[in-house]
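Peer 1: Residue strings, one per chain:
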Amino acid sequence: MSNNKIINWFKYASPQSFYPVAGRMIPWFWGLAAIFFVVGLYISFFVAPTDFQQGEGYRIIFIHVPAAWMSMFIYLVMAFWAGLGLALNTRLSSMMAQALAPTGAIMAFLSLWTGAWWGKPMWGAWWVWDARLTSALILFFLYIGFIALQAAIDDARRADKAGAILALVGVVNVPIIYFSVKWWNTLHQGASVSLTKAPSMATTMLWGMLIMALAFWMYSIAVALTRVRAIILEREAHTEWVKELPEVKQ
Amino acid sequence: MNWESPAAFFAMGGYGFYVWGSFGVCALLMIVEPIMANRRRKDILRSLRRERLAETLDTQ
Numbered sequence: 461m462s463n464n465k466i467i468n469w470f471k472y473a474s475p476q477s478f479y480p481v482a483g484r485m486i487p488w489f490w491g492l493a494a495i496f497f498v499v500g501l502y503i504s505f506f507v508a509p510t511d512f513q514q515g516e517g518y519r520i521i522f523i524h525v526p527a528a529w530m531s532m533f534i535y536l537v538m539a540f541w542a543g544l545g546l547a548l549n550t551r552l553s554s555m556m557a558q559a560l561a562p563t564g565a566i567m568a569f570l571s572l573w574t575g576a577w578w579g580k581p582m583w584g585a586w587w588v589w590d591a592r593l594t595s596a597l598i599l600f601f602l603y604i605g606f607i608a609l610q611a612a613i614d615d616a617r618r619a620d621k622a623g624a625i626l627a628l629v630g631v632v633n634v635p636i637i638y639f640s641v642k643w644w645n646t647l648h649q650g651a652s653v654s655l656t657k658a659p660s661m662a663t664t665m666l667w668g669m670l671i672m673a674l675a676f677w678m679y680s681i682a683v684a685l686t687r688v689r690a691i692i693l694e695r696e697a698h699t700e701w702v703k704e705l706p707e708v709k710q
Numbered sequence: 461m462n463w464e465s466p467a468a469f470f471a472m473g474g475y476g477f478y479v480w481g482s483f484g485v486c487a488l489l490m491i492v493e494p495i496m497a498n499r500r501r502k503d504i505l506r507s508l509r510r511e512r513l514a515e516t517l518d519t520q
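So the sequences go chain by chain: P and Y. My numbering numbers the first residue of the first sequence as 461 and each following residue consecutively. My numbering numbers the first residue of the second sequence as 461 and each following residue consecutively.
Derived from the structure by calculation, the hints contain no laboratory data. We put the CB at the ideal spot given by N, CA and C, even for glycine. Be a bit skeptical, because a hint or two may be false.
Unchecked claim - Dumping the calculated DMTMM-like pairs for lysine to aspartate or glutamate here, alpha-carbon to alpha-carbon at most 20 Å:
id, chain 1, residue 1, chain 2, residue 2
1, P, Lys703, Y, Asp503
2, P, Lys703, Y, Glu464
3, P, Lys703, Y, Glu493
4, P, Lys621, P, Glu704
5, P, Lys621, P, Glu707
6, P, Lys703, Y, Glu511
7, P, Lys709, Y, Glu511
8, P, Lys709, Y, Glu464
9, P, Lys709, Y, Glu493
10, Y, Lys502, P, Asp590
11, P, Lys709, P, Glu694
12, Y, Lys502, P, Glu696
13, P, Lys621, P, Glu696
14, Y, Lys502, P, Asp511
15, P, Lys642, P, Glu696
16, P, Lys709, P, Glu696
17, P, Lys709, Y, Asp518
18, P, Lys580, P, Asp590
19, Y, Lys502, P, Glu707
What the hints assert, rightly or not - Not everything, but these chain P residues come out facing chain Y in the computed CB check (under 8 Å):
id, residue
20, Val481
21, Gly515
22, Ile566
23, Leu570
24, Thr574
25, Trp577
26, Lys580
27, Ser595
28, Phe600
29, Ile604
30, Lys621
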């Protein structure tokens, strides 16, 4: 019984069987993303009250925090897939890592961008070289480095290996970002949500942020699955199963 | 409801420039990225179809 389950899981580990499965999953994730975005944005602008300190300017939090969370989380998932590809030589996991990198880079960029546009009115500066901001900038550069390194190596399997090593070394930066506000004296405020203590914000604000985070999550899955399907076709272009696909034969 | 008028909504209590500057760029990237990802798949499908056509013409 348990053996059968293991075999079934491995079945989806081949690009050939994952390609149609991903295709069927994408519309569901777009649907969920749309629902969470509508609800999340409604709460962000119409339900969450004005902040007593920051007025309406604080509403940037509803995209800043989800983007920052996703930038870190996607990095961990990307490094996990890249590492798995390196260890087990599974093609699909390396393709997943490659598909996640641009989305992670965009999330990292958005966390920096929205942070700057929040920092300017509240701190008086677009940018300061403090621990949180600097380590977040390094995360963005790690994504760019991963993408550039893979693009620079012609042989796809060698590119996977080089990228995996870069991704794995870079993992050390994620806890540095997360704990930077505790370890160093920084301008950036502490964690808004933590497992150990009650959240330091109004309940509707917290809900808005969590639902927006779910929206970002669904968006990231949908777009990464779309991209991994393109990567599968690019890399498996010379296989029989790709040539036999209905969308190729038409 | 937080807003007395649409103008008040867009003004964001004086923070409009920063709030919309953040949400605007976020929306733009999240519209462009899926389009690019879809286009990447369309492009490879087009070249695969062309290749297939070339092969069938060769065998004829």
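Peer 1: Which hints from the list above does the structure break, by number from lowest to highest?
Peer 2: 2, 3, 4, 5, 8, 9, 10, 14, 15, 20, 27, 28, 29, 30
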